[in-house]
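Protein chains in written order, with our numbering: chain C, 221 to 383; chain X, 52 to 391.
Think of the hints as simulated: they come from the structure by calculation, not from any bench.
It cannot be assumed that every hint is accurate.
Said to hold, decoys possible - These stretches of chain X come out as covered by chain C in the derived footprint (C-beta under 8 Å, 3 or more residues): (1) 101-110; (2) 133-142; (3) 155-165; (4) 350-357.
Unchecked claim - Facing chain X, according to a computed beta carbon distance under 7 Å, are these residues of chain C, among others: (5) 271; (6) 346; (7) 350; (8) 352; (9) 353; (10) 355; (11) 357; (12) 359; (13) 361.
These figures come from a predicted structure and were not determined experimentally.
Cβ coordinates follow ideal geometry from the N, Cα and C atoms, glycine included.
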Amino acid sequence: MRIRTGVASAALAGLLAVGVAVPAQADSAGAAQDRSTYSSESARAAAGVGAFQTLGDRVHYSHTVRGNINAHGWWKLLRGPRAKAKVTVWLQVKTGSGWKTLKKNDKTVWPGGGSNKRTAAAWKCTNLIQKHTFRSIIDVDLIGYPDDAYKKITDPQTLYCGT
Amino acid sequence: MLSPTLIVGLHGVFTPFPWFDRVVERDDEDAEGVEGAGGVEGPEGVEGSVEEDLLGSAIDRAGSYGWQTVSSWLTEDGATTAAHEPTAWAHEEVGGDWAQDGKVHQLGWLQAGILTDSPRPALPLRPIALVLTETLTRVGTMEFTGVHAVLPLAAVKRNTAFHQAELAPWFGLADPDARHEVVVTVSCRTGTGGVGDGGLRAGDAEAVCEAVRGMAQGAVDFSVSVDSPGPANSAALADSSEPANSSESESANSSGSGHQGALPGLDLDLDRGVHTVGMREVMRWDCRTREWSPDIAVWLTEMVVDGLRGLGRSVPVAVTASLASPVSPPVASPVSPPTA
């Protein structure tokens, strides 16, 4: 879904700006991201990345699929050139020794949120009797720009969901 | 503590504004590889919808009121400079059904986590209904027929800072000659409603009725319906369980799992909802109001919840407040349906 804003010139300017800065792997959603790739150009790119928000919901039961739990991550561009970002979501369960990843998904999306501009990680509960604590981690890698290594972790949620 | 969930749904007939399709368009590129929630969902994710995408604006609308509902981190010039956690409710999922067939549908719903560690835990029914209403009426006209709310009563204690009776003067400011016939219902899982564990009991409908009358202070007429099944009939209700109704439309007078059919008001398909499966209608009231809006429907719902809470009831319930008579189908749709 897209909302026509009529600000074509701004969008074009953004696309042009991205075109200058984007490295060759920009649209490879499945390719591994290595932050060190950007280190040599970080000073230039950091000035152009502007400001964005990483957003996520806490791990929760699905509204439509009984026995599923979901976590979502998306991003919003607040200032800077229009760009896509690779949004990765880890859905984790707490174990005796720490946190174990049950599901990891990534998707390269435009900013905005909604069903088509976010990454979802879903887990089919093996039962609805066992009580476990879950959390999600969200990482947004702007294509062509460096970012920090700050881990975005949502609040743990205790749910009846077997793993 | 377990993470409790609340759901609010607005029902009615929705007509997109004539400009809808000129402003909102499906982006084929973005539709590829969809994984998410809402709409038709597979084991791993879902097919998104225009309804879900637009109703997601409720998150932003809530944020504009100062109601933080998602976890967010601000990155500026390559560094994370701020982090925020939900303060009002924890947004989980949102969706709706804007089918252009003239029938009553669930136009918008929002599922949210209750913030039990908040300084003042509350069931944010009114603010969620507000942002859903605002989002719907931003892009179309809504013939509102009813609200439903799935409420984990045990998640929060009674609100001692605000009392529903304080809204009686507000709703007293209405056309004294106007009359709207409204039905209010409560459903729950009858098998878990035993005496002594927070479950509903015989006589609750009458007690809640008295409590609501006290709070409403004459702003609405409220009485137990002759059709109210009552917890005493829970065995019969359980026996009336039917397979999930797969019909996508709702009818004020159709048979369904929410009540016994042929009764006025919103007939929730309880078995179709992940969070309401197994629930059955156990109480019903007839109500006469001087206005009809999501605003007063939420008030009726909140008063019934307070009435139940005052009786010490704490089981999860689904409450509806809806017009007794369905809306008339529109003569003709002025615009083409939204791309879905």
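Legend entry - Given coverage of the segment 155-165 of chain X by chain C, checked by CB-CB distance under 8 Å (3 or more): holds (count 3)
Inset, instruction - With chain X as the partner, please determine if residue 353(C) meets the hint condition of a C-beta pair closer than 7 Å. - result: Interface hint status for residue 353(C): violated (9 Å vs cutoff 7 Å).
Inset, instruction - Using 7 Å as the Cβ threshold, decide whether residue 346(C) counts as touching chain X. - result: Violated - the Cβ of residue 346(C) stays beyond 7 Å from chain X, reaching only about 13 Å at its closest.
Inset, instruction - Classify the hint on residue 359(C) as holds or violated, based on whether any CB of chain X lies nearer than 7 Å to its CB. - result: 10 Å, violated
Inset, instruction - Three residues minimum, CB to CB under 8 Å: does the segment 133-142 of chain X make the cut for coverage by chain C? Let me know. - result: As far as the segment 133-142 of chain X goes, the hint holds, because 5 residues have Cβ atoms under 8 Å from chain C.
Legend entry - Per-residue hint verdict: residue 355(C), partner chain X, C-beta under 7 Å: Status violated, d = 10 Å.
Inset, instruction - Tell me if residue 350(C) is really an interface residue toward chain X, meaning its C-beta lies closer than 7 Å to one of theirs. - result: It is violated, given that the least Cβ distance between residue 350(C) and chain X is near 12 Å, above 7 Å.
Legend entry - Restraint satisfaction for residue 271(C) [CB to CB of chain X, less than 7 Å]: This hint holds: residue 271(C) lies near chain X, its Cβ roughly 5 Å from the closest one there, short of 7 Å.
Inset, instruction - Test coverage of the segment 101-110 of chain X by chain C using CB-CB distances below 8 Å; three residues minimum. - result: holds (count 6)
Inset, instruction - May I ask you to test the interface hint for residue 357(C) with respect to chain X, counting a Cβ-Cβ separation under 7 Å as satisfied? - result: 11 Å, violated
Inset, instruction - Check whether three or more residues of the segment 350-357 of chain X sit with their beta carbon closer than 8 Å to a beta carbon of chain C. - result: It is violated: at least three residues are needed, and the segment 350-357 of chain X offers just 0 whose Cβ sits closer than 8 Å to chain C.
Inset, instruction - Would you check whether residue 361(C) satisfies its interface hint, that is, whether its CB is within less than 7 Å of any CB in chain X? - result: 11 Å, violated
Violated hints, in rising order: 4, 6, 7, 8, 9, 10, 11, 12, 13; the structure is consistent with all others.
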